[in-house]
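S.K.: Once you've looked at the hints, dock chain B with the ligand against the given chain A.
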Amino acid sequence: MTAPLSDGAIASLHAGDIVYLSGPIFTARDGVYRHMLVEGNEPPLDLAALTNVTIQSSPAGAEVSPGEYRISSLQATAGFRYARYMPALLERFGVKMVIGKAGMSEEVYRDVFMPNGAVCLSTMGYGLGAIYGKSVKRVIDVHWPEELGISEALWLIEMDRFGPLLVEGDIHGDSYFSRANEEINDGLAELYEGLSSPVFRRLGEEERPEIELF
Amino acid sequence: MVTSAHRIGLDAVSRAAYEANRLAAVVLPGEATNAFRDALERESKPMAQYVLGQILENADLAVAENRPMCGDTGLPRFYVKVGNEAAIEGGFVGFERECRRAVADITQDLQMRANRVHPLTRQNPGNNVGVFAPSIDYSFEPDADWVELTAVHKGGLFGSDYRMLFPADGIDGIKRFLLDTLSSSARRGLSCPPVVVGVGLGGTKDQAVRFSKEAACLRVIGDSHPDPDVAKLEDELMELANRTGFGVMGVGGDTTALDVNVEIAYTHTGGIPVAVSQFCLAYRRATARIHADGAIEYREDPRWFTPYYRREGIE
Ligand code: SF4
Numbered sequence: 006m007t008a009p010l011s012d013g014a015i016a017s018l019h020a021g022d023i024v025y026l027s028g029p030i031f032t033a034r035d036g037v038y039r040h041m042l043v044e045g046n047e048p049p050l051d052l053a054a055l056t057n058v059t060i061q062s063s064p065a066g067a068e069v070s071p072g073e074y075r076i077s078s079l080q081a082t083a084g085f086r087y088a089r090y091m092p093a094l095l096e097r098f099g100v101k102m103v104i105g106k107a108g109m110s111e112e113v114y115r116d117v118f119m120p121n122g123a124v125c126l127s128t129m130g131y132g133l134g135a136i137y138g139k140s141v142k143r144v145i146d147v148h149w150p151e152e153l154g155i156s157e158a159l160w161l162i163e164m165d166r167f168g169p170l171l172v173e174g175d176i177h178g179d180s181y182f183s184r185a186n187e188e189i190n191d192g193l194a195e196l197y198e199g200l201s202s203p204v205f206r207r208l209g210e211e212e213r214p215e216i217e218l219f
Numbered sequence: 007m008v009t010s011a012h013r014i015g016l017d018a019v020s021r022a023a024y025e026a027n028r029l030a031a032v033v034l035p036g037e038a039t040n041a042f043r044d045a046l047e048r049e050s051k052p053m054a055q056y057v058l059g060q061i062l063e064n065a066d067l068a069v070a071e072n073r074p075m076c077g078d079t080g081l082p083r084f085y086v087k088v089g090n091e092a093a094i095e096g097g098f099v100g101f102e103r104e105c106r107r108a109v110a111d112i113t114q115d116l117q118m119r120a121n122r123v124h125p126l127t128r129q130n131p132g133n134n135v136g137v138f139a140p141s142i143d144y145s146f147e148p149d150a151d152w153v154e155l156t157a158v159h160k161g162g163l164f165g166s167d168y169r170m171l172f173p174a175d176g177i178d179g180i181k182r183f184l185l186d187t188l189s190s191s192a193r194r195g196l197s198c199p200p201v202v203v204g205v206g207l208g209g210t211k212d213q214a215v216r217f218s219k220e221a222a223c224l225r226v227i228g229d230s231h232p233d234p235d236v237a238k239l240e241d242e243l244m245e246l247a248n249r250t251g252f253g254v255m256g257v258g259g260d261t262t263a264l265d266v267n268v269e270i271a272y273t274h275t276g277g278i279p280v281a282v283s284q285f286c287l288a289y290r291r292a293t294a295r296i297h298a299d300g301a302i303e304y305r306e307d308p309r310w311f312t313p314y315y316r317r318e319g320i321e
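Each protein sequence line maps, in turn, to chains A and B.
Heads up: take any position in the first sequence, counting from 1, add 5, and you land on our numbering.
Heads up: take any position in the second sequence, counting from 1, add 6, and you land on our numbering.
Just so you know, the hints here were simulated from the structure itself, not pulled from any lab data.
Glycine is no exception: its CB is placed at the ideal position from the N, C-alpha and C atoms.
Hints are all accurate, no fakes.
In silico contact screen, one side only, chain A against chain B (beta carbon under 7 Å); selected entries: (1) Ala65; (2) Ser77; (3) Leu79; (4) Ala83; (5) Ala107; (6) Met129; (7) Leu133; (8) Gly154; (9) Ser156; (10) Ala185; (11) Ile189; (12) Gly192; (13) Leu200.
So that you can see chain A by itself, here it is in the shape it has in the complex (with noise of 0.2 Å):
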């Protein structure tokens, strides 16, 4: 695929398949979801126009001369603690693909991804980083380096075959890892049976292990 996506190729994503892609894509984490999404800085380029895809990394990069960067190994970050962000950056930015870790919740897929035709990947592995650092074609550009340091900047990447990534939540309502959760937890309540809950238990126990914690 080639970002900026169409939604047409959006549609054609159900959850469980793996795709590669190429073109541009801007990284956000907590920094830059923080001092754009919460504090209304305004990017300083229009990121909507040139891309549609978005990972939730930082990547293992550096300023090899001055201005000039270089990414070695990339990966994305568990995404689900982002959720909260996620309405302003689908809506206000036009995001329609997001790439994290794990996925997030089939909550935020029916409420905020589905409304905005938007999906969610996930990088696999975990933790592909070298495959795929190698396919990051150049650095187009890194904002905010000062503001929120070099890992939590807005690093703008050209891929070339980036991938494989899986589709996590797709837009017809479909979650990778909710189907694959079901079938785990089916053998989970088995293997504690027989074992009795600690003697001196703790505030806020959550005694249920088949449940999601966010």
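M.R.: Below, chain B with the ligand without anything else, positioned relative to chain A:
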């Protein structure tokens, strides 16, 4: 009396610390490669097979192109074993300076991720060096004049936990705690399984946590604790971990743990402090032995848990 001719030079420390960190970031140790290959051979689920295959390809590519194997390059740290007869030019203050500088240098040269930030302001020095970072832990070894350093780049925001259990909870309590920890971290692969699980059992709370991390990061996959009761528990926990079925990436699979290592410390008669740490599939560590004459040997096995380190009684 150790003469100055036998002092380890700081240039050797510098080279060893730099190269051990490069090896850790880039080269998956052979024991892990073998464990992933075995896991792939055993695996029954197609998606898990595919992902394990990709992990092995990634390991090859990292070495071929000198790239960090994961984009999250972890938190570089050092475990240092000091021979009882060893002496260092500039002393251990000089040694630690070289270790800190090596982390900054390799961060820039390999374009590792600048992961270390101030916990409140999030200010990033850009080189993985800061307050108490990298951490440097020491142990000692009798009848040796070398110094060894093991660079560990452990990743992961998920999968470590501690709990005070009681003798009434017994081994079942430990098993349940492991299941709880895996259920909350291997689901969706948050802790990046297949992992090497380290269990710290006994001691005090801080010791349990510390030994769980050392057990995860500094043992060798497939080895056993010399205490047969502990070794038996390792086997049982390993079987349990893999019966959870989370598998690589949490997609469902036969291998969630490549190994489970338990370390024990004598503890309060009323309690069983237990801690779990998980070394993710980016199983990153490398050891350098610096001899008194300045020669450096690199190897994969940290040889951290020596009989002296685990000693008991009064000598
Ligand atoms: S926990 Fe996962 S993402 Fe983090 S360093 Fe390990 S393999 Fe990479």
